[in-house]
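Could you build all of it, start to finish, from the sequences and the hints given here?
Spelled out, the chains give:
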Amino acid sequence: MSVSPENIGDLSRRTLLQRAAAAGLLAAPAMGLLSACAGSEPSKSDNGGGAAKSKDNPFGVKDGSAVKVVVFNGGLGDQWAKEDKVIFSAKHPNVTVNMSSTQKIKTEEQPKMATQPSDLVMNSGADMMDRSTLINEGAIEPLDDLLTAPAWDSEGTVADSLLPGTVGDGTQNGKFYVVNVAYTVWGNWYNAALFKKEGWQAPTTWDEFFALAPKIKAKGMAPYVHDAAHGYYPRWALMASIWKACGKQVVVDIDNLKENAWKADGVVKALEPWEKLVKDKLLLPGKLDHTQSQQAWLDGKAAFIQVGTWLKNEMAATIPPGFELTLSDYWHNADDKAPKDVFAASGEGFVVPSKAPNKEAAKEFLRAMLSKAGSAKFAELTKSLASTKGSGDNVQDTALASANTLMKNGGTELISVKFQDFYADLDKESQNLSEELMAGRLTAQQFVDKMQAAADKVAKDSSIKKQTRTA
Amino acid sequence: MRHGVARFVTGFLALPVALYLFYVVWPFVQAAGYSLTDWGGYSDSQRFVGLDNYVRLLSDELIRKAFWHNVFFLVTVPLFTIALALFLAFLLNVGGREDRAGIRGVFGSALYKVIFFFPQVLSLVVIAVMWQQIYRTDSQGLINGLLIKIGLVDADNPIAFTADPEPFLGIPAVLWWLLLIAVWSGAGFYMVLFSAAMQSIPKDIYEAAILDGAGRFHTFFRVTLPLLRDTISVAWVYLGFIALDMYALVFVMTPSQGGPNHASEIFASVIQFNAFQKGQFGYACAIAVALAIFTILLAAVQLRITRRERIEF
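These protein sequence lines map, in sequence, to chains A and B. 85 is the number of the first residue of the first sequence in the numbering used here; add one for each residue after it. 817 is the number of the first residue of the second sequence in the numbering used here; add one for each residue after it.
No lab work stands behind these hints: they were computed from the structure. Here a beta-carbon is modelled for each residue, glycine too, at the ideal position from N, C-alpha and C. Treat the hints with caution; some may be incorrect.
As the list claims (entries may be wrong) - Cut-off 25 Å, straight-line C-alpha distance, at most; resulting in silico cross-link-like pairs (BS3-like, lysine-lysine):
id, chain 1, residue 1, chain 2, residue 2
1, B, Lys881, A, Lys534
2, A, Lys421, A, Lys353
3, B, Lys965, A, Lys365
4, A, Lys456, A, Lys139
Stated by the list, open to error - Counterexamples of contact, computed for chain B against chain A with all Cβ distances above 10 Å:
id, residue
5, Val922
6, Val941
7, Pro983
Claimed, not checked - Okay, the calculated beta carbon distance ranges per label pair:
id, chain 1, residue 1, chain 2, residue 2, range
8, B, Leu958, A, Ala210, 22 to 32 Å
9, A, Gly144, B, Gln949, 52 to 62 Å
10, B, Pro1042, A, Lys544, 53 to 63 Å
11, B, Leu1041, A, Asp364, 55 to 65 Å
12, B, Val845, A, Lys550, 26 to 36 Å
13, A, Thr232, B, Leu831, 53 to 63 Å
14, B, Gln949, A, Gly406, 20 to 30 Å
15, A, Lys360, B, Ile987, 27 to 37 Å
16, A, Lys360, B, Val922, 55 to 65 Å
Printed below as a string of structure tokens:
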């Protein structure tokens, strides 16, 4: 054994590491992220349009061209989209449809947006591209000509065939960008079979719920369960309560970052039942995510869960026999301003990238998707309503029927909230704070104060482009 | 002949170096370039804004929070991983009884070696998904289920694990739970690394120490540890990089990816949010560049501090 100074010529692990670090090779964490930002040169796009336009081919799709469609394969699956492909190909047998489905929309599509994107992208799911950014950057195409085009298999234009709200939901800065194909209704779900058996009446107001809750608890069930991993789940419920209590204008003001919009009269009061629900320990213990909480509800561990109409399709594999999924409206208070308004919106939006090589065929494919035949297939396969009118008329299903009933008995306006689409910061902050409220770490008053502070911060930040909600 | 060798070597190296330059170095340079712009990530137009992004970065509360969380991992991940790996390696190599055959590990050490190394075979995301089930926050979770069964945890108040922002020793609980996973998954690899280094220490040194009356404690601290110094310092640098990343664990395991309510926000999650959710790629690149500089400085400092004379045997 000998003790010697470090030998220059000896390539030990240590010296190798030193040299590597000097070369920047090993700054591993940062470098991996750095390269994620890198772009590449844009390439030329070929044009799939240019053929003669007609009533059956309003965008002039060229025979022999190809269209690349990317579908989000989430709660609704992707079988319905394959049916749309059949409908499209019947009219345009010489246009090749390359359809693929994924759950990683942003991961796979965002890097291509500036260079060679797909023609039609379903921008949906947890990994979706931020809509305002897409529009502000000019990365997606306005689709107003789709609205004025004749409907695929019914009278009138495409716009005429859509359910109320669908055009508004897809419009930003006065232009129509996002084509939502699904129509979602949100509310509190319960098992009608169980309620019948126990002789429970499904509550419509908070008072009725708080009266029923002890009876549910007595059966060894938690009255309520929620998704504690994704803050946008409780946010739907909280925003619905604010709208019902205070009316539309308050939510519009919130979306428009109006000064002290969150401090309007009644906002705190609207949220107090949620605070009480948590404080009275009416929530199922545990911080479950969406499918875990939905399964807990299906397993009879909780009486109510709040989620949208994709629930049935998402949980189809594990719904116990005899379980009657039934949707009821969010509960309101007796003195609410808009107690009957229903939280419903078109969703699952398709966008056409500005640099897409075959935008004409993309629009034509959308026309096929929004057809009577296509939307009926959608409702049949997903047990969810499509954004085209009458899609669920011929589907026999308790979940879908209860959603239909809810829509028919609803108020004049549909509850909708925009700020999360407008501002990513507020989206994140409201998700975090909603979960904090549901975890009992914030009171309704603190929630409102913190939301106001977050809204003020966005309003003051000059690096964020401001949006306006009019309707 | 000398000339031929150079040509031969160059011929072999040209392609890999070219690939490396194009796919690794060039994106880094591009990212540094983007960090001086307001690029949004979805278009090919951008405006040069100079050092604005870097100025903004200094006053960003979220980055400050993320920085301290990363510092927490930077201190704890190497510390606990190396301590555990050293302990295991010592037991497996020299921790057993000494007999006529000399120094050996504890009984069954060959089997333990495989078991401890196993997490290294799994990808970090697989590990995270597995731990999601272990950490599940109701009675169906592995830990909660067991503890509820034996009555140590109240079924109405199960452990929230990564959904728990309440501070423990001043650090949000979620970070401690993530640390446990990081240490569990990392210790096996460093155990093997240290084992290899220990095996290269001549047995006669141990035997001499034992003859002189050194117990296990003294053999470890007076013989093993000093002779492993080099290996440990390399492990420290590697683990430092891992601690500055931690992205996969935070992304898969925590609510709202960095939650609850920013309690597990780290550099990577802030970069992800700014780039991919907020659409501020220029700013995100600036954070990434700042992190890269920080990482390189850190590695340099670590290597500088631990530089010592080497012992050869």
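Status of the hints after comparison with the structure:
| no. | hint | in the structure |
| --- | --- | --- |
| 1 | B:Lys881 x A:Lys534 | holds, 18 Å |
| 2 | A:Lys421 x A:Lys353 | holds, 12 Å |
| 3 | B:Lys965 x A:Lys365 | holds, 22 Å |
| 4 | A:Lys456 x A:Lys139 | holds, 17 Å |
| 5 | Val922 | holds, 27 Å |
| 6 | Val941 | holds, 13 Å |
| 7 | Pro983 | holds, 12 Å |
| 8 | B:Leu958 x A:Ala210: 22 to 32 Å | holds, 25 Å |
| 9 | A:Gly144 x B:Gln949: 52 to 62 Å | holds, 54 Å |
| 10 | B:Pro1042 x A:Lys544: 53 to 63 Å | holds, 57 Å |
| 11 | B:Leu1041 x A:Asp364: 55 to 65 Å | holds, 57 Å |
| 12 | B:Val845 x A:Lys550: 26 to 36 Å | holds, 34 Å |
| 13 | A:Thr232 x B:Leu831: 53 to 63 Å | holds, 55 Å |
| 14 | B:Gln949 x A:Gly406: 20 to 30 Å | holds, 29 Å |
| 15 | A:Lys360 x B:Ile987: 27 to 37 Å | holds, 32 Å |
| 16 | A:Lys360 x B:Val922: 55 to 65 Å | holds, 57 Å |
Violated hints: none; the structure is consistent with every hint.
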